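Line by line, the protein sequences give chains X and C.
Counting in this note's numbering, the first sequence runs from 1 upward without gaps.
Counting in this note's numbering, the second sequence runs from 1 upward without gaps.
One should not assume that every hint holds.
Stated by the list, open to error - Where chain X lies over chain C, by a calculated footprint (3+ residues, C-beta under 8 Å): (1) 64-74; (2) 102-112.
What the hints assert, rightly or not - List of simulated lysine to aspartate or glutamate pairs, DMTMM-like, C-alpha gap at most 20 Å: (3) C:K10 to C:E233; (4) C:K10 to X:D500; (5) X:K811 to C:E251; (6) C:K252 to C:E233; (7) X:K175 to C:D179; (8) X:K934 to C:D247; (9) X:K803 to C:E65; (10) X:K288 to C:E156; (11) X:K12 to C:D47; (12) X:K288 to C:E251; (13) X:K934 to C:E131.
Just so you know, the hints here were simulated from the structure itself, not pulled from any lab data.
In this text the structure is predicted, and so the values were computed from the model without any measurement.
Glycine included, C-beta positions come from ideal geometry on N, C-alpha and C.
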Amino acid sequence: MTQQPVIDLSPKVSDEIRKTTCYMCACRCGINVHMKDGKVAYIEGNRDHPVNQGVLCAKGSAGIMQHNAPARLRAPLKRVGPRGSGEFEEITWDEALQIATDWLEPIRAKNPEKLAFFTGRDQSQSFTSLWAQSFGTPNYAAHGGFCSVNMAAAGIYTMGGAFWEFGQPDWDHTKLFMLFGVAEDHDSNPIKMGIGKIKARGARIIGVNPIRTGYNAVADDWVGITPGTDGLFILAMIHCLMKAGKIDLHYLAQYTDAPVLLNGDENSSDYGLYLRDEDGKQQVIDRKTGKLAPFDQPGVRPDLSATYTAEGITHRPVFHQMAEKYLSDEYAPEAVADRCGISARRIRTIAAELARVAFDEAFELDHAWTDFRGETHLKMTGRPVSFHAMRGISAHANGFQTCRALHTLQIILGTVEVPGGFRFKPPYPKPATAHPKPHVGVNAGAPLNGPHLGFVHGPDDLALKEDGTPARIDKAFTWENPMSAHGLMHMVISNAHAGDPYKIDTLFMYMANMSWNSSMNTRGVMEMLTDKDANGDYVIPRIIYSDSYSSEMVAYADLILPDTTYLERHDCISLLDRPICEADAAADAIRWPVVEPDRDVRGFQSALCDLGAKLGLPAFVNEDGSQKYADYADYITNHERRPGIGPLAGFRGKDGTKSGRGEVNPNQLDRYIENGGFFVEHIPAGANYYKPWNTAYQEWAVKMGLFDAPQPYLFSLYVEPMRKFQLAAEGHGDRQPPDHLRDRIKATMSPLPIWYETDQTGNAGYTITALTQRPMAMYHSWGSQNAWLRQLHGHNPLYLPTKLMQENSLKDGDWARVTSPHGEITVPVMEMAALNQNTVWTWNAIGKRKGAWALDKDAPEATRGFLLNHLIHELLPPKGDGLRWSNSDPITGQAAWFDLKVKIEKAAPPSDSKPEFDAIKSPVGQGPNKLAWKVGK
Amino acid sequence: MTQLPARTDKKLGLVIDLDTCVGCHACVISCKGWNTENYGAPLSDQDPYGANPSGTFLNRVHSYEVQPNQGEAQLIHFPKSCLHCEDAPCVTVCPTGASYKRTEDGIVLVNESDCIGCGLCAWACPYGAREMDVAEGVMKKCTLCVDRIYNENLPEIDRQPACVRTCPAGARHFGDLGDPDSAVSKLVADRGGVDLMPEQGTKPVNQYLPPRPKDRLAAASAEDIDILAPFLEPVAQEATGFLGWLDRTLEKL
Numbered sequence: 001m002t003q004q005p006v007i008d009l010s011p012k013v014s015d016e017i018r019k020t021t022c023y024m025c026a027c028r029c030g031i032n033v034h035m036k037d038g039k040v041a042y043i044e045g046n047r048d049h050p051v052n053q054g055v056l057c058a059k060g061s062a063g064i065m066q067h068n069a070p071a072r073l074r075a076p077l078k079r080v081g082p083r084g085s086g087e088f089e090e091i092t093w094d095e096a097l098q099i100a101t102d103w104l105e106p107i108r109a110k111n112p113e114k115l116a117f118f119t120g121r122d123q124s125q126s127f128t129s130l131w132a133q134s135f136g137t138p139n140y141a142a143h144g145g146f147c148s149v150n151m152a153a154a155g156i157y158t159m160g161g162a163f164w165e166f167g168q169p170d171w172d173h174t175k176l177f178m179l180f181g182v183a184e185d186h187d188s189n190p191i192k193m194g195i196g197k198i199k200a201r202g203a204r205i206i207g208v209n210p211i212r213t214g215y216n217a218v219a220d221d222w223v224g225i226t227p228g229t230d231g232l233f234i235l236a237m238i239h240c241l242m243k244a245g246k247i248d249l250h251y252l253a254q255y256t257d258a259p260v261l262l263n264g265d266e267n268s269s270d271y272g273l274y275l276r277d278e279d280g281k282q283q284v285i286d287r288k289t290g291k292l293a294p295f296d297q298p299g300v301r302p303d304l305s306a307t308y309t310a311e312g313i314t315h316r317p318v319f320h321q322m323a324e325k326y327l328s329d330e331y332a333p334e335a336v337a338d339r340c341g342i343s344a345r346r347i348r349t350i351a352a353e354l355a356r357v358a359f360d361e362a363f364e365l366d367h368a369w370t371d372f373r374g375e376t377h378l379k380m381t382g383r384p385v386s387f388h389a390m391r392g393i394s395a396h397a398n399g400f401q402t403c404r405a406l407h408t409l410q411i412i413l414g415t416v417e418v419p420g421g422f423r424f425k426p427p428y429p430k431p432a433t434a435h436p437k438p439h440v441g442v443n444a445g446a447p448l449n450g451p452h453l454g455f456v457h458g459p460d461d462l463a464l465k466e467d468g469t470p471a472r473i474d475k476a477f478t479w480e481n482p483m484s485a486h487g488l489m490h491m492v493i494s495n496a497h498a499g500d501p502y503k504i505d506t507l508f509m510y511m512a513n514m515s516w517n518s519s520m521n522t523r524g525v526m527e528m529l530t531d532k533d534a535n536g537d538y539v540i541p542r543i544i545y546s547d548s549y550s551s552e553m554v555a556y557a558d559l560i561l562p563d564t565t566y567l568e569r570h571d572c573i574s575l576l577d578r579p580i581c582e583a584d585a586a587a588d589a590i591r592w593p594v595v596e597p598d599r600d601v602r603g604f605q606s607a608l609c610d611l612g613a614k615l616g617l618p619a620f621v622n623e624d625g626s627q628k629y630a631d632y633a634d635y636i637t638n639h640e641r642r643p644g645i646g647p648l649a650g651f652r653g654k655d656g657t658k659s660g661r662g663e664v665n666p667n668q669l670d671r672y673i674e675n676g677g678f679f680v681e682h683i684p685a686g687a688n689y690y691k692p693w694n695t696a697y698q699e700w701a702v703k704m705g706l707f708d709a710p711q712p713y714l715f716s717l718y719v720e721p722m723r724k725f726q727l728a729a730e731g732h733g734d735r736q737p738p739d740h741l742r743d744r745i746k747a748t749m750s751p752l753p754i755w756y757e758t759d760q761t762g763n764a765g766y767t768i769t770a771l772t773q774r775p776m777a778m779y780h781s782w783g784s785q786n787a788w789l790r791q792l793h794g795h796n797p798l799y800l801p802t803k804l805m806q807e808n809s810l811k812d813g814d815w816a817r818v819t820s821p822h823g824e825i826t827v828p829v830m831e832m833a834a835l836n837q838n839t840v841w842t843w844n845a846i847g848k849r850k851g852a853w854a855l856d857k858d859a860p861e862a863t864r865g866f867l868l869n870h871l872i873h874e875l876l877p878p879k880g881d882g883l884r885w886s887n888s889d890p891i892t893g894q895a896a897w898f899d900l901k902v903k904i905e906k907a908a909p910p911s912d913s914k915p916e917f918d919a920i921k922s923p924v925g926q927g928p929n930k931l932a933w934k935v936g937k
Numbered sequence: 001m002t003q004l005p006a007r008t009d010k011k012l013g014l015v016i017d018l019d020t021c022v023g024c025h026a027c028v029i030s031c032k033g034w035n036t037e038n039y040g041a042p043l044s045d046q047d048p049y050g051a052n053p054s055g056t057f058l059n060r061v062h063s064y065e066v067q068p069n070q071g072e073a074q075l076i077h078f079p080k081s082c083l084h085c086e087d088a089p090c091v092t093v094c095p096t097g098a099s100y101k102r103t104e105d106g107i108v109l110v111n112e113s114d115c116i117g118c119g120l121c122a123w124a125c126p127y128g129a130r131e132m133d134v135a136e137g138v139m140k141k142c143t144l145c146v147d148r149i150y151n152e153n154l155p156e157i158d159r160q161p162a163c164v165r166t167c168p169a170g171a172r173h174f175g176d177l178g179d180p181d182s183a184v185s186k187l188v189a190d191r192g193g194v195d196l197m198p199e200q201g202t203k204p205v206n207q208y209l210p211p212r213p214k215d216r217l218a219a220a221s222a223e224d225i226d227i228l229a230p231f232l233e234p235v236a237q238e239a240t241g242f243l244g245w246l247d248r249t250l251e252k253l
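Bound-form chain X, shown alone (with noise of 0.2 Å):
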C-alpha cells in the first residue's frame, strides 16, 4: 500500500471571531463571523446565542454572499432621469441630507402629515417611531399590516401575545404540535430546532396547509385543507371539544373570562359588555358566596354558569354565549367538511386527538406557584399540545378572526403558559389594555402627541379627525378597519396618489420594495410612482428610499440614502421593540460593525440622527440645539425611555452590573461585544410558567422594567372592544360609522370568535386559490441576488396539482395563462401531487426586474421567475354600490394577499415570462462572472 498524502488537520481557522446579530432574515439568529486578514472569511451560528443555539440556515451562512453583493449601493444617490429609469449621479451625504432637511423643514413647520415615513422589514421600529414622532407626523408604521398583523393583533387582543417573538411551544414537553398554513418564513431556525427536538422524543406534528412542503413534509399527519377555511376546520374542533366536555373548565373558571358577567340587555346601550365595577374591574359570580366579586379578589372561585340579575337586566357569563355559539349545528363537522375539505370522521379524530393528549397525557411539574389571587399551587399541570401559525392563516380576509379562533382553542384546552403547551416570551404576556392607543395629535413645527401606532378599544380611539375624515394615510384605524394595529403600509402609494384622504409632498420609505414584491398591483403601483398632474408635476412629489442594494425601489425614488450591510452596523434588538426573548429568559442583542463599510454608506438609523438634528427635532438635538445622537451607536448607549430604561436591557448602571432597569452605561456596546453581542437575564424557576397570573412571573418583569406595576389580567375568549364597534353600528353612542359600514361591523366585529366567507365579488369564475411561500432558503427579495443561494432558487414555477395538470393539459416545463379579476401573467408550471386539487402555488420574491439587483438582464430570475402580485389588487373589484372596498381584513386591514382567485389555461411558451417591464438602468452595474471566494491564502 502507497503511503497516503499527509495533510494538516488543525489549520488555522480564523484571525479572530466577532459575534454579532444575523439580518438574512428576521429571525434574529446569534453569529460567529469568523475574519482572515480584516476580511469575512465564515460565518456560523453562535453555539451561546438564545436564539439558534449554534444552528445557522442557509441565509445566514451565506451572509458572506450578501455582505459582499455587487448591488450594494455606494453613495447617496440623486435622481437625474424620470423616475422609473433608474438613473442616479452620486452625491455626498452632505448634499443628501441637505437635499431631504430642503424637502422636510417646510413640511414640518406648516403641516407635518404630508411626510408619510413607513419602513419595511425595519428591526428599529422603537427608533424609527420615535424619530417621526418627534418630527410630527401621524403617518408612520412598519410593514406589519402586509405581514401578519392579524396574528399579533388577534393574539394581543385575546391573550396578550401571539406566536414568535411573542412567544413559542414548550418544545422540551410538547407532545403534540399542531401547525396551521405557511410558517417557514418567520422563527426560522427556533421552529426547526423545536421540530428537531420533538421528533427526537418522538412526539407528534399535524400540519393543516394546502401544500405540503416544508414543515408539513416532515409533519406526520398532513391535512390538505381548502385555503382560508382554517377557521371553520377550528370552530368545528371546538364544537366537538365543547360538546364532548373535553375543555379545562378550571383553566377557563380561573384564568379566562369565560366567567365575567355580560350586559344581556338587548336595549342597553352597555348590551354586551362586561358587567364592571366602580374601579372597572371585571366581575364574576363566586362560586363559594355566589355573590359578585371583582375577577381579582383574593379568594374568588368564578362560576362559569351563575347568572346575575339586576334592576331587570340578566347579566351572563362569557362562558354561556361561548356554548350557545359553538354547540349550535352550524359548527358540526358535518357541517363544514365539504367547504374545509375535510372530511367530519377527520375533523373530529383531530379534535379526539388533541382531546386525548391534552387530557389523557397530562403531567405535573414540580414547581409551586402562586397565583394572583394569592393562592398557591403545589405544581404546574401540563398539557401538552401546542400550536403554531403565522402568515398562512393571517393573510386572508377572515384571518383576524381565524387567529382569534386558534387562540381561542388552545385556551379551552387550557395549553396557553402551562408545560407542554404554548409559551410567551417576555416582554409578553402584555394585554392590549397596556400598549399605548394610536395618536393622530398633529401640531405644526412639534412633535406627535404620542406613540403612532397601538391597540384601539372602542370607537372613540380611532385616529379620525374631527370631521370624520380619517387621520392617517393610510386609513389605519378608521371604521374600514378599526384594530389596524400595524398600520397598512400597502395603501400608503395608493392613497397618497388619490389625494384620499389627503395629498401629502414626500414620501420616506425604508427597506420595504414597493414597486415590485412588497406590493399588491405591482404594475399600478410603478405607474402611481411615476404619474404626473396637469401641471406635469409628479403626483407623489418627492420619494425619499434607504436601501441597502439596488432594488427595484431604487429606482423610483428621487433621493436614495444608502444603508450599510448587516455587517457593518450597529443595531439594537430591544426589548421596546422586537426582542428575541425565550420563553425562560429576557434577551436582547446589538449588531456592531465586524468590518467597516468600503462604501460611502451609513446606517440609516445613523442617517436618521444626522437627519434628525438637522431638522431640530426636539429628541435629537440637545437643549442648545446641537446634535444629540453622533450616530445609532450613541442613541443605542444613552437614550432612555422612561428613567433607567433604555434600548438594551443589559448590562446597565455605571459599572454595567444591572439588568433591565439602570443609568446609562458608556461602555454598555463594549459589554455585549465582549459578550457575544447578547443579553440574557433568565426568568427564577416557578415564575416561568402561567405568567400573566404568576406573582413570582410579574414582580420579575416589573423589577426588569418590562412594565411598571404587576398587571395580572383575564384572557379575552370575548374581545369586549369588538363589541363596543358593533353598539355603535348599531346605533349606540357619538361616534357612528357611516351607513355603508354599519351591516359589515356587525357581521365581522363578533366578539366570540367567527368564521365568514371572505368577500368574492368578481371571483365568479376564477375557482383557484394562488398561494405564495418563501423558500426556507430565502427571505425577502434579497435572497436573489445572492451568489449561493440563488442557486438553490432561481426561478419559480407555478406548481399545479395533478388534477389541474391533467384537466388542462399541461406538463412540466409548460406554460400557462394565469388570470385573476384583477390581471393576468404568463409562468412556466410543474406538478406537484401533494397539493390541495383547488390550488396553485409558488415561490414569493424570486422573480426579478431586468436591471435591479446587479443581476444580468437574462438571469432566470427575471426571464422566467414573476410575481403574482401583479394577479392581486389593494382594492376588490367593484360591487357597483359606487364604492371601493379594500382587498384586505375587515377588522385590521391586513392584506388579503392568499384570498386571491385564478383561473388556469394552458398558453405557448413565451420568451421571457409575462408581464414583461423595461429594464431599469442599475446604479451599480452588474456582478462578476466567475466567483472564487477565499479570502485566507
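Take the given structure of chain X and dock chain C to it, following the hints.
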C-alpha cells in the same frame, strides 16, 4: 487504478434522518462556506449573477414526491453528499492515485495536487456525489470536514462537519459507524437505517434513517372502528339541550 485500504480503523460518516429533514438547505450552504474557505481550492461559481449560475457544491438537497398506494402524496427531502463507501468505485477508478480512502477513518478524499481533472471518478460514482470545479479543474467532494473534525484550533464541541453543526432540525449526525456502540450506530439500529442503493455494492458508510409512517390519523379516521371516538363522547344527549350540557359539564369542577 488506485487501491482501497483492506480495512480502516474507523468508519466515519453521516447518519441523515429523512423523517426530520425539512429541506432547508442549511447544510448545503454551510458546507459551501466552510469548504470554499478551507480544504483545497475554493468552491467556485460560474456566472454567479448571470443567466446560468452554476457552482460547485459538495452537498445538495433533492426533494422527491412519493405517492403511496393509499393515502396522500408525500414530499421527502433528501440531502446527498459523498457516502464514503467502503468499496468506493471512485477511488479504484482514479488513474493518478489522487482519490484515496484514508486508512485511519475511511474518509474518501481527493489529493488535489495529483488530480488531473479527468472526471472518471465522477462517472464511477453511482450517487453523483462528486463535482468538478470548473475554475480549478480539480474534482471536489465531501471531505467530511477532515479539516474540522480533528482541528485543535476548534473547540472540541465544534470538531464535527459543518453540515452537522449547522443543521437546525438536528437531522444530521456524525460519528464512527464502524463502532457498534457509537451513538450513530445505535441510532441506525433503533431507527432501521439503510444503505443508499445497496445493489450497487459500494457499501456506503453514510446511512439514511427512513421517514416514519405518515398520516396515521387519516388512516384511523378511515377505519370503521374509530379508536379515538371515546375521547369525544358527548357529555349530554341532544334532548337535554344547553342547560343539560352546562350542568353535566360543570359537574367536573
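Check: Taken at face value, is the distance from the CA of E233 (chain C) to the CA of K252 (chain C) at most 20 Å?
Finding: This hinted pair holds, its Cα atoms lying about 15 Å apart.
Notebook entry, point to check: Residue count check for the segment 102-112 of chain C against chain X: does it reach three with CB-CB under 8 Å?
Noted result: holds (count 4)
Check: Has the given pair, K288 (chain X) with E156 (chain C), been kept, meaning a C-alpha gap of at most 20 Å?
Finding: violated (61 Å)
Margin query: K811 (chain X) and E251 (chain C) were given as a pair; does the straight-line alpha-carbon distance stay at or below 20 Å?
Written below: violated (60 Å)
Item checked: Distance restraint between K934 (chain X) and D247 (chain C), which requires alpha-carbon spacing of 20 Å or less -> violated (73 Å)
Check: Given the hint that K10 (chain C) pairs with D500 (chain X), does the C-alpha gap stay at or below 20 Å?
Finding: violated (73 Å)
Check: Going straight from one Cα to the other, do K12 (chain X) and D47 (chain C) come out at no more than 20 Å?
Finding: violated (30 Å)
Notebook entry, point to check: When you check the alpha-carbon spacing of K10 (chain C) and E233 (chain C), does it fall within 20 Å?
Noted result: Status violated; Cα separation ~57 Å.
Check: For the pair supplied as a hint, K175 (chain X) and D179 (chain C), is the alpha-carbon distance within the 20 Å limit?
Finding: violated (32 Å)
Checklist line | Hint consistency between K803 (chain X) and E65 (chain C) [alpha-carbon to alpha-carbon, up to 20 Å] | finding: OK: K803 (chain X) and E65 (chain C) at ~16 Å, within 20 Å.
Checklist line | Within 8 Å of chain X's CB atoms, at least three CB atoms from the segment 64-74 of chain C: coverage verdict | finding: holds (count 5)
Next item on the list: For the pair we were handed, K288 (chain X) and E251 (chain C), check the Cα-Cα distance against 20 Å.
Entry: holds (15 Å)
Checked against the numbered hints listed earlier, the structure breaks hints 3, 4, 5, 7, 8, 10, 11; every other hint is satisfied.
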